[in-house]
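Chains as they are written, first to last, in my numbering: chain A, 1 to 117; chain B, 118 to 258; chain C, 259 to 504; chain D, 505 to 1105.
Be aware that a few hints might be false.
To be verified - Below, computed lysine-lysine pairings styled on DSS-like, alpha-carbon distance capped at 25 Å: (1) C:K300 - B:K132; (2) D:K611 - C:K383; (3) C:K475 - B:K232; (4) C:K260 - D:K843; (5) C:K475 - B:K151; (6) D:K762 - D:K803.
As the list claims (entries may be wrong) - With beta-carbon atoms standing in for the labels, derived distance ranges: (7) D:E808 - B:L244: 53 to 63 Å; (8) C:P344 - D:D1065: 52 to 62 Å; (9) C:P500 - D:R915: 45 to 55 Å; (10) C:M499 - D:T507: 54 to 64 Å; (11) C:R379 - D:P832: 25 to 35 Å; (12) D:R1073 - B:L223: 50 to 60 Å; (13) D:P612 - C:M499: 27 to 37 Å; (14) B:L223 - C:G343: 45 to 55 Å; (15) D:P832 - C:Q444: 22 to 32 Å.
Said to hold, decoys possible - So these bits of chain C aren't anywhere near chain D, every CB distance computed over 12 Å: (16) S261; (17) F279; (18) N326; (19) R346; (20) L421; (21) T463; (22) S496; (23) M499.
Simulated from the structure, these hints should not be mistaken for laboratory data. Being a predicted model, the structure only gives us computed values, none of them experimental. Here a beta-carbon is modelled for each residue, glycine too, at the ideal position from N, C-alpha and C.
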Amino acid sequence: MVRRSREPVLWAMFSGGGMIAALLLPATVAVLWIAAPLGWVEAPSYEGLRLLFLHPIGRLSLFAVATLSFFHWAHRFRYTVYDGLQLYHLSQLIAILTYSIAVALTVIAGFVLVTTG
Amino acid sequence: MAKALNAGYKRHYPKWHRERVPIFWWLRSASYVKFMFRELTSLFVAYAAGLLLVQAWVLGQGAAAHARLLNWLSHPAVVTWHVILLATLLFHTVTWLNLTPQALVLRLGRWRVPKTVVWAGHYAAWLVLSLVIVCLFVGVA
Amino acid sequence: MKSVAVEVLRYRPETEAEPSFDVFDVPYEDNWMILDAINHIKDQVDGTLSYRWACRMGVCGSCGMMVNGKPVLTCATYVEDVLPGPVRVEPLRGFPVVRDLVTDIQDFMVKLQRVKPWIIREEEKPLAEGEYLQTPEELEDYKQYSMCINCMLCYAACPIYELDPEFIGPAAIALAQRYNLDSRDQGREERMDVLSQHDGMWGCTFVGDCSVVCPKKVDPAGAIQRYKLDATVDWFQSVLMPWRKR
Amino acid sequence: MRTVNHDVLLIGGGGAGLRAAIAVAEANPELSVAVASKVYPMRSHTVSAEGGAAAVIRPEDSLDAHAYDTISGGDWLCDQDAVELFVREATEEMLRLEHWGCPWSRKPDGTVATRPFGGMKTERTWFAADKTGFHMLHALFQTTLKYPPISRYDEWFVTKLLVEDGRCEGAVAVELATGEVHAILARSVIMCAGGGGKIYPFTTNANIKTGDGMALAYRAGAPLKDMEFVQYHPTGLPFTGILITEAARAEGGWLVNKEGYRYLQDYNLGTPEPRPVLRSMELGPRDRLSQAFVGELKKGRTAETRHGHVVHLDVRHLGQRTIDEKIPFVRELCMKYEKIDPVKEMIPVRPVVHYMMGGIHTDLDGATPIAGLFAAGEVACVSINGANRLGSNSLTELLVFGARAGAAAARHAADAPAPSQSVLAQGLEEEARLQERFLDNRGGRERMANLRKELQDTMETSAGLYRDEPTLKAGTEKVQELKERFHDVALEDPSLTFNTELQTALELENLLDVAESVLHSALARRESRGAHQRTDFPERDDREQPAHSLAYATTGAPRIDYLPVTITRWPPAERVYGEPLSPTSDPVGGSAPPEDGGNQE
Ligand SMILES: Cc1cc2nc3c(=O)[nH]c(=O)nc-3n(C[C@H](O)[C@H](O)[C@H](O)COP(=O)(O)OP(=O)(O)OC[C@H]3O[C@@H](n4cnc5c(N)ncnc54)[C@H](O)[C@@H]3O)c2cc1C
Ligand code: SF4
Ligand code: F3S
Ligand code: FES
Chain A
1 MVRRSREPVL
11 WAMFSGGGMI
21 AALLLPATVA
31 VLWIAAPLGW
41 VEAPSYEGLR
51 LLFLHPIGRL
61 SLFAVATLSF
71 FHWAHRFRYT
81 VYDGLQLYHL
91 SQLIAILTYS
101 IAVALTVIAG
111 FVLVTTG
Chain B
118 MAKALNAGYK
128 RHYPKWHRER
138 VPIFWWLRSA
148 SYVKFMFREL
158 TSLFVAYAAG
168 LLLVQAWVLG
178 QGAAAHARLL
188 NWLSHPAVVT
198 WHVILLATLL
208 FHTVTWLNLT
218 PQALVLRLGR
228 WRVPKTVVWA
238 GHYAAWLVLS
248 LVIVCLFVGV
258 A
Chain C
259 MKSVAVEVLR
269 YRPETEAEPS
279 FDVFDVPYED
289 NWMILDAINH
299 IKDQVDGTLS
309 YRWACRMGVC
319 GSCGMMVNGK
329 PVLTCATYVE
339 DVLPGPVRVE
349 PLRGFPVVRD
359 LVTDIQDFMV
369 KLQRVKPWII
379 REEEKPLAEG
389 EYLQTPEELE
399 DYKQYSMCIN
409 CMLCYAACPI
419 YELDPEFIGP
429 AAIALAQRYN
439 LDSRDQGREE
449 RMDVLSQHDG
459 MWGCTFVGDC
469 SVVCPKKVDP
479 AGAIQRYKLD
489 ATVDWFQSVL
499 MPWRKR
Chain D
505 MRTVNHDVLL
515 IGGGGAGLRA
525 AIAVAEANPE
535 LSVAVASKVY
545 PMRSHTVSAE
555 GGAAAVIRPE
565 DSLDAHAYDT
575 ISGGDWLCDQ
585 DAVELFVREA
595 TEEMLRLEHW
605 GCPWSRKPDG
615 TVATRPFGGM
625 KTERTWFAAD
635 KTGFHMLHAL
645 FQTTLKYPPI
655 SRYDEWFVTK
665 LLVEDGRCEG
675 AVAVELATGE
685 VHAILARSVI
695 MCAGGGGKIY
705 PFTTNANIKT
715 GDGMALAYRA
725 GAPLKDMEFV
735 QYHPTGLPFT
745 GILITEAARA
755 EGGWLVNKEG
765 YRYLQDYNLG
775 TPEPRPVLRS
785 MELGPRDRLS
795 QAFVGELKKG
805 RTAETRHGHV
815 VHLDVRHLGQ
825 RTIDEKIPFV
835 RELCMKYEKI
845 DPVKEMIPVR
855 PVVHYMMGGI
865 HTDLDGATPI
875 AGLFAAGEVA
885 CVSINGANRL
895 GSNSLTELLV
905 FGARAGAAAA
915 RHAADAPAPS
925 QSVLAQGLEE
935 EARLQERFLD
945 NRGGRERMAN
955 LRKELQDTME
965 TSAGLYRDEP
975 TLKAGTEKVQ
985 ELKERFHDVA
995 LEDPSLTFNT
1005 ELQTALELEN
1015 LLDVAESVLH
1025 SALARRESRG
1035 AHQRTDFPER
1045 DDREQPAHSL
1055 AYATTGAPRI
1065 DYLPVTITRW
1075 PPAERVYGEP
1085 LSPTSDPVGG
1095 SAPPEDGGNQ
1105 E
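Here chain A stands alone, though its shape is the one from the complex (with noise of 0.2 Å):
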């Protein structure tokens, strides 16, 4: 397992974040954020979507969807700096801060659903 680099889980990471945002996220937006505002749609109460996203249940999935979707970014923003500007003598520097960020906002993102009312 030493010999073998961390690069599996990150990558799953990264794929399952890459699933779920392309099925989840356009429908969510576009009810949400676009579709609800506008009027298009009823808007939904201000009860209901407690319910929704603090339930237990919501807030897992709320956990999943933003930890995967930060580690999804982190992955290919990582290649992408670093083969878009050609840094690869940073690779090192630009994979840590990369998932570093990601880290941190899975911290925020497990503290804000633990502690949010």
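Assemble chains B, C and D with the ligands onto chain A, guided by the hints.
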């Protein structure tokens, strides 16, 4: 590791030419541009996830706080921005789902599920999940 | 007779520091391939033009060049299909240029050897016992990846290889996969050790152009992503079920 | 000049060379093996072979049957001991390749599938779809990568064999990338440099098949055997000469003339049946099928196209499924190079130069008369192909005799003394010759491409499908003239880096020598047999025992000698194809197109 191809012989290299890769190499072809854009959709994915978290947090702060968020969400500029967001997310979805069958080989017993079926399956899943989401949100209205 | 302007990249290392284009006006017929046009230049106009070719039937893999910026087999691309011209012919991108249209592919040859593209078995079956049985379905599993002619078009199409020559690259990974998926082979584990190093498959970001240009429909891009998936499954298995060896 | 030392040197990285390299490495892992090839091994011409490789594997088949098909197919010019040995070792060699990963096509139960092939009485041709040579070559090449003793010298062009006191001790090669000249010294040398179809204008052979190996050995003093036997394949695409494999006929394709008539029935090749019948009609041997084309041409029944006269190969009745499954490459090639789809249209074809039965004379172990020099593959002539090779015997030959030559060379290398340093003087001489003759040579007037064209056209007119004394004589004179004009060749490229002009010149030099040996051997053989058809001597001459011709290089015209053919169990007899197999198929004379045989248009 690779062994030297010719044990007893060290190769003499003539003066080779190596083309430098241009900084904006990804502008060289339409497919590279598309690739770059595809990769950058990840920023939007992260934003959407972040905003969901914010909304969850605001929901916890009470109805008034949430009303302020809704107010911000319905500002025309914000809506416009979210339309752009939606477009990029759709781009992500389409590219993602189109590439999946290339990576995923499914088998049912000895039968190798054809790529088109894998592809269609993913789109079907997308459709169903999107409907579920719409129903959930509209249902709690 | 019709004719077309052909701009050929020339690089003469003994006399020039930088490559430059020579332009030739080449008469052609409808059934001419780009290679016929280049042969015409060499035979009738300038015998010093250097390039490789052999089979003229799209199977030896030696005549790959960039034509109007795209990597193609010049023996399998009609002049007609790249008109009106001028047709720009350059050596395959991403490789060092030795001379004119000749590139150095030694890098690939070393990488190919690294992925152990041969049947690995714990125990050889004696010849007297005949062939290893392999059903047509099992053959189908790896057939596609065995069609690679090592033409290097996929390397020329892959920006990642150009940016990072350490990257082991599409065809080598597809060929590793060709053996992994062969029912007669047991070397998956050994190859995984090579491929899961950081310059192995992980450098690929699924640009996908390798599969687009591949003249033999090998789909190296697919092979690589499948490989990543396999490696990931392996990893989780070795963590969650360390006792289970594949 | 630099020198590298090895125990065994292989010249050529095609099927034969790679098989031999592995054989050496397995016979004696102590020996260091060098494979020098003018192209990367996987570019070698073996890669183009389509149809398949023959070996007895079906229970209903027998070694004797394979031997008999081969010997009768070769018009009794095969050495029968060689053939017996060949068929005996063939199956094991093919299985070995299976164990090395060659993706042979399979039957549903997982065993190796076989298909019928021209001149073969049963299905014994193994195949990997219709890219057999490609798969064999890549399997072999990739397998060589696992043997540490095998060193490769890719893109090294061998220009001379180093022979001293009748012993071969290495070769001189130009490293194309750098232009450096090297002496590669070795105790045994195996020549596996392939054939030389490029002496003809219209050929299935790759650009690289310039007979280098034959010419090198010939100049070094080894005799070239049976060079007059050049195989025309009946079905090449016009213009490109790309081969449409015999498998297309084996799967059931029909040859029809411009009237849509299956004309082969007029040439003693049997009666048309809707389904393929072994050793009959379209599955007759190549020499007879190609000759039948000339017959049709004379009768004015061929179709005229922009690229000469053609007949048509019709596979439409096989249906898209069979075509895509069994002969997908045929479809790919037709669509790509003729812009026609064989599922819907007939394929225009004409005979095309394909293979040289002749080559460097060797014994059963691949040993040539020069000590330490071995040869295997198309470059060699062990005499299993006789006057006409049967399709799918050549790929197997590469394996069987490549392996044998490798093992023999390994044995020889273990005992032979180290190469004498004095051969290096020859190396230096060769280096100087290359420099003066080609690199420093300016002011010549003859364009190489034109010389080559004239040579090729000469060969077609004088030593084509049919020959006679006046045209052969004219041919020998023309080649002599071309050899002289070659001294005045125009060279413009003094570069040392990947100088392909130099390579082309060296190849042309070799083509000229090979062509010379073909013409003189053909002139000397006063009979018609297999691929060698003399209109002035139309009969096969069996009064004495059949004999191989041997061409030796001299300062003037080559000297032609003869060597009796080894006959063990099969005395020369008439070649019969298409004997009625079922009582129902009554032999039709040769006039009106029968209902079922013709084209359904
Ligand atoms: C289109 C086509 C289809 C065929 N189909 C079949 C078939 O279905 N069944 C069958 O049995 N046979 C078939 N044949 C015949 C068979 O493929 C060849 O006879 C066989 O592949 C020859 O193999 P080889 O190893 O002898 O030579 P090649 O594969 O030609 O290899 C020659 C090697 O020698 C090297 N070389 C040559 N000159 C030099 C030099 N001067 N210096 C250094 N290296 C040199 C080359 O680089 C190359 O590596 C076919 C042939 C053709 C042309
Ligand atoms: S994968 Fe395709 S493009 Fe790449 S080398 Fe092989 S055949 Fe050529
Ligand atoms: S183009 Fe390159 S990045 Fe991957 S998918 Fe192909 S190898
Ligand atoms: S010349 Fe062989 S692939 Fe083009």
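Status of the hints after comparison with the structure:
1. C:K300 - B:K132: 23 Å, holds
2. D:K611 - C:K383: Satisfied, since the Cα-Cα distance of roughly 20 Å is no more than 25 Å.
3. C:K475 - B:K232: Satisfied, since the Cα-Cα distance of roughly 14 Å is no more than 25 Å.
4. C:K260 - D:K843: With a Cα-Cα distance of about 20 Å, the restraint between K260 of chain C and K843 of chain D holds, given a limit of 25 Å.
5. C:K475 - B:K151: 22 Å, holds
6. D:K762 - D:K803: Holds, because 11 Å separates the two Cα atoms, which is no more than 25 Å.
7. D:E808 - B:L244: 53 to 63 Å: 59 Å, holds
8. C:P344 - D:D1065: 52 to 62 Å: Distance hint for P344 of chain C, D1065 of chain D holds at roughly 57 Å.
9. C:P500 - D:R915: 45 to 55 Å: 50 Å, holds
10. C:M499 - D:T507: 54 to 64 Å: 57 Å, holds
11. C:R379 - D:P832: 25 to 35 Å: Roughly 30 Å apart at Cβ, these two residues keep to the hinted range, so it holds.
12. D:R1073 - B:L223: 50 to 60 Å: 57 Å, holds
13. D:P612 - C:M499: 27 to 37 Å: Since P612 of chain D and M499 of chain C have Cβ atoms about 35 Å apart, the given range 27 to 37 Å holds.
14. B:L223 - C:G343: 45 to 55 Å: 46 Å, holds
15. D:P832 - C:Q444: 22 to 32 Å: 30 Å, holds
16. S261: 18 Å, holds
17. F279: Its Cβ never comes within 12 Å of chain D, the nearest being 18 Å, so this holds.
18. N326: Nearest chain D Cβ is 19 Å from N326 of chain C, so the label holds.
19. R346: 21 Å, holds
20. L421: For L421 of chain C, whose nearest Cβ neighbour in chain D is about 25 Å away, the distance exceeds 12 Å, so it holds.
21. T463: 28 Å, holds
22. S496: 26 Å, holds
23. M499: M499 of chain C is indeed farther than 12 Å from all Cβ atoms of chain D, at 30 Å.
In this structure, every one of the numbered hints holds.
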